[in-house]
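Please model the complete structure; the sequences and the hints are all you need to start from.
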Amino acid sequence: MDRTLLLACVAALLTGTSFAGAVLADAERKVEGRVLHVKVTLCQFKPRGCAGYMILDAGRDGRREQVTVQVRLGVPIRHGEDYVLLATLPGSAVSVTHVIEKDAIVARSIEVLERP
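For the sequence shown, our numbering begins at 72 and goes up steadily by one.
Mixed in with the good hints there might be a few duds.
[To be verified] Taking lysine-lysine pairs in the BS3-like style, the calculated list, with each CA pair at most 27 Å apart, reads: (1) Lys-110 with Lys-173; (2) Lys-101 with Lys-173; (3) Lys-117 with Lys-101.
[As the list claims (entries may be wrong)] Between beta-carbon pairs, the in silico distance windows are: (4) Gly-162 with Ala-98: 16 to 22 Å; (5) Ala-98 with Thr-159: 28 to 34 Å; (6) Glu-103 with Glu-172: 17 to 23 Å; (7) Arg-134 with Thr-112: 19 to 25 Å.
None of these hints come from the bench; they were simulated from the model. Think of the CB as a built atom: it goes at the ideal place given N, C-alpha and C, for glycine as much as any other residue.
Here you go:
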């Protein structure tokens, strides 16, 4: 067992807090969907140089829902081998690897699956 995971288990047992919540908060997850809207808050027009938000039309558990994904500066956005700017994503099908931080979906990487 990973030392960090073991320490988290021990801390959860000693404090009586939920261990599952602590582990899931740090776990990377994936969501796929079509980008409906992008709001760029900063862009340096270079790979990994844009930050902002995007709204995805994502399918979860057989139903459609819209989710907002925070994209921080430094997040790689790739289509195959090429880097893509955040502002060019509307209409694209994407796969987002993300974590949950303070109830927000925060992207770690974005892979463009299909361009419009």
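Hints, verified against the model:
no.: 1; hint: Lys-110 with Lys-173; in the structure: holds, 20 Å
no.: 2; hint: Lys-101 with Lys-173; in the structure: holds, 17 Å
no.: 3; hint: Lys-117 with Lys-101; in the structure: holds, 25 Å
no.: 4; hint: Gly-162 with Ala-98: 16 to 22 Å; in the structure: violated, 29 Å
no.: 5; hint: Ala-98 with Thr-159: 28 to 34 Å; in the structure: holds, 29 Å
no.: 6; hint: Glu-103 with Glu-172: 17 to 23 Å; in the structure: holds, 20 Å
no.: 7; hint: Arg-134 with Thr-112: 19 to 25 Å; in the structure: violated, 30 Å
Taken one by one, the earlier hints fail for this structure at numbers 4 and 7, listed in ascending order.
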